[in-house]
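Peer 1: Sequence:
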Amino acid sequence: MQPELIATHYLSSIDDVTEHLRAAAQLGLGVRVRSYLEASEEGEEPAEGWEVELLTSSPLHEAESAESAEQEAFAATAE
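To convert, note that position 19 of the sequence shown is 19 in full-length UniProt numbering; the numbers rise steadily by one, no gaps.
Hints listed in this document are in silico derivations from the structure and should not be mistaken for laboratory results.
As the structure is a computational prediction, the values presented were derived from the model and not from experiment.
Glycine included, C-beta positions come from ideal geometry on N, C-alpha and C.
Take these hints with a grain of salt, some might be off.
Simulated restraints on C-beta separations [said to hold, decoys possible]:
| no. | residue 1 | residue 2 | range |
| --- | --- | --- | --- |
| 1 | T18 | L60 | 16 to 24 Å |
| 2 | G43 | Q2 | 37 to 45 Å |
| 3 | E42 | L5 | 33 to 41 Å |
| 4 | E45 | D16 | 32 to 40 Å |
| 5 | E45 | A25 | 29 to 37 Å |
| 6 | E45 | Q2 | 14 to 22 Å |
Build out the structure end to end from the sequences listed, making use of the hints.
Peer 2: Structure (structure tokens):
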């Protein structure tokens with residue numbers, strides 16, 4: 001079962017990303033972070049941005065739990 005999405009934030013500063021990650025950790029929330037480049041006006045450098053998704057739990061813990069359950073089920077059928 002995948003964790004549920006609570007909110008998505010689009011940030012333009014790595015300091016803001018760090019602040020959101022710390023707050024999520026204190027609240028026990030999971031996060032998913034993606035970086036992207038946003039086209040700006042002609043001749044200017046692309047702007048860097050980050051998408052921060054707040055989740056009900058860690059997507060890694062969910063995946064690890066599901067993988068462990070699958071391995072245990074396989075081991076039980078192999079015996």
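Peer 1: A separate judgement is required for each hint: does it hold in the structure or not?
Peer 2: So, going through the hints one by one against the coordinates:
Checking the proposed 16 to 24 Å range against T18 and L60 shows it holds: the Cβ atoms sit about 19 Å from each other. The beta-carbon spacing between G43 and Q2, approximately 42 Å, falls within the hinted interval of 37 to 45 Å. For E42 paired with L5, a C-beta distance near 35 Å keeps the hint of 33 to 41 Å intact. Remark: the range hint 32 to 40 Å for E45 to D16 is contradicted by a beta-carbon distance near 19 Å.
Hint check: E45 to A25, Cβ distance near 32 Å, so the stated range 29 to 37 Å holds. Checked against the hint of 14 to 22 Å, the C-beta distance between E45 and Q2 comes to roughly 36 Å, which is inconsistent with it.
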